Structures are given as C-alpha cells and as structure tokens.
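Participant: Let's have the full structure, built from the sequences with the hints guiding it.
Top line first, the protein sequences correspond to chains A and B. Here our numbering is used: position 46 in the first sequence is 46, and no number is missing along the way. Here our numbering is used: position 43 in the second sequence is 43, and no number is missing along the way.
In case anyone wonders, no lab produced these hints; they're calculated from the structure. Since the model is a prediction, treat every value here as computed from it, not as a measurement. We put the beta carbon where it would ideally sit given N, CA and C, even for glycine. You may find that some hints are simply not true.
[Said to hold, decoys possible] A few chain B residues facing chain A, derived, Cβ under 8 Å: (1) N32; (2) F34; (3) L46; (4) F90; (5) F104.
[Said to hold, decoys possible] 27 Å max Cα-Cα, derived DSS-like pairs, lysine-lysine: (6) K11/A x K106/B; (7) K71/B x K58/B; (8) K106/B x K62/A; (9) K71/B x K61/B; (10) K78/A x K106/B.
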Amino acid sequence: DARVTQTPRHKVTEMGQEVTMRCQPILGHNTVFWYRQTMMQGLELLAYFRNRAPLDDSGMPKDRFSAEMPDATLATLKIQPSEPRDSAVYFCASGPPGQEWGEQFFGPGTRLTVL
Amino acid sequence: AQSVSQHNHHVILSEAASLELGCNYSYGGTVNLFWYVQYPGQHLQLLLKYFSGDPLVKGIKGFEAEFIKSKFSFNLRKPSVQWSDTAEYFCAVNEDSGYSTLTFGKGTMLLVSP
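Facilitator: Given below as structure tokens:
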C-alpha cells in the first residue's frame with residue numbers, strides 16, 4: 001500500500017532553532033506539495049514541485065522558509081529561524097505524473113510546536 | 001484567484017440524520033472538484049472527485065456530491081450519518097489545466113453524536 005511518509009511526526013522546538021521536515025512521496029509520483037494547516041487559516045499551500053523543480057513557492061515566507069527536493073524520493077521543508085507563529089501541522093502531498101490537476105495523496109503530517 | 005467557501009464551520013448531527021455540507025467556488029472556467037476528509041489526528045483522504053461527466057458523483061462510505069455548474073456548487077451529502085463520520089471535511093477545487101494547484105476551503109467540522 002503506497003503512502004506518503006513524513007518525518008518527524010511531532011517536533012517541539014524553541015524559537016530561533018532550525019527545523020527540518022522531510023517527506024517521501026509515493027514512488028513514481030512527480031509532483032510534491034507542502035501545506036500548512038492551522039485553526040485560523042485552514043490549509044495553505046506553501047510550495048510545490050514538479051519533477052523536482054519548484055513551480056510555485058509564493059505561499060512561503062521567503063526569509064525563513066525554504067523547500068527543496070534533493071532527489072525524487074525526498075522533499076524537505078526548512079524553517080530557520082523558527083518562530084512561535086510557525087506552530088502548525090505541515091502536510092506533504094504527492095501526485096502521479098500526467099495528473100497534476102488531479103488527486104493529491106497526503107502524508108500524515110508533522111505537528112510542529114515552536115515555544 | 002479562485003476561492004472556495006464552505007458555509008458551515010461546525011455541524012452537529014445525531015446518528016442516522018441526513019447530511020449536506022455546502023461548498024461554493026469562485027472560478028468561472030472548467031474545474032475539477034474534490035472532497036477530502038480528515039479524521040481526528042489523521043491525514044487528509046480523498047472522499048470523492050469530479051472531473052467531468054455525470055454531475056452526481058458517488059464516493060466512499062456512502063458519500064455523494066452533486067456538481068451544479070450554474071450555482072458554482074459542489075455540495076456533499078450522505079443520507080444517514082454514523083458516529084464514525086465524525087471528522088473535518090474539506091472541499092477543494094482546481095482549474096482543469098496543467099499547472100493548477102488545489103485551493104481548499106476552510107473545512108467543516110462534523111460531530112456525530114451516538
């Protein structure tokens with residue numbers, strides 16, 4: 001049963017620390033999306049990649065957030081330095097080739113708490 | 001930019017009651033429509049989707065949704081809810097083109113009491 005995996009599942013850190021979240025998309029999927037979920041804002045798209053190339057990261061605060069795909073099996077989202085307002089659940093999702101506008105498959109999320 | 005509105009933030013129903021969750025979107029072109037469900041503590045899972053064809057779409061667990069183009073709506077329905085349907089439901093839309101991303105509504109939290 002192919003699934004998107006994310007690590008860590010939970011992260012508690014102090015303000016100012018660097019946070020790295022990792023995502024392994026479903027094998028063969030070529031689009032990867034990063035979302036942030038908060039009570040106030042709901043689900044927000046932060047960035048997305050197609051064939052490892054960033055297509056849109058306009059939803060991401062550029063000064064502290066960065067997203068990369070070092071290879072087809074790994075996507076990373078970094079926050080440096082982290083702030084309390086970054087506390088949220090961060091979801092990664094992937095999609096199969098030829099269906100960029102279709103269904104996205106979500107990972108279990110990383111629950112981040114910044115103290 | 002397109003937007004998605006879900007009319008109810010919270011819905012409370014008793015078991016066996018009928019459910020209808022509203023969803024409206026703003027984009028005027030051809031769209032693809034989705035309903036996702038997020039059970040407590042879990043990730044989003046697809047309930048159903050509409051790309052084209054019959055505007056009445058049937059999904060998993062007895063859910064269905066009807067696409068009404070003239071009303072820009074894609075409401076989710078279930079004739080008889082169960083306690084296990086307690087979850088948050090998200091409507092999502094994207095343009096039917098190669099590089100469009102999903103726009104999600106804010107979600108509706110459904111609580112079904114036994």
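Participant: For every hint, state whether the structure bears it out.
Facilitator: Right, here's what the structure says about each hint:
| no. | hint | in the structure |
| --- | --- | --- |
| 1 | N32 | 6 Å, holds |
| 2 | F34 | 7 Å, holds |
| 3 | L46 | 5 Å, holds |
| 4 | F90 | 7 Å, holds |
| 5 | F104 | 4 Å, holds |
| 6 | K11/A x K106/B | 24 Å, holds |
| 7 | K71/B x K58/B | 20 Å, holds |
| 8 | K106/B x K62/A | 24 Å, holds |
| 9 | K71/B x K61/B | 26 Å, holds |
| 10 | K78/A x K106/B | 25 Å, holds |
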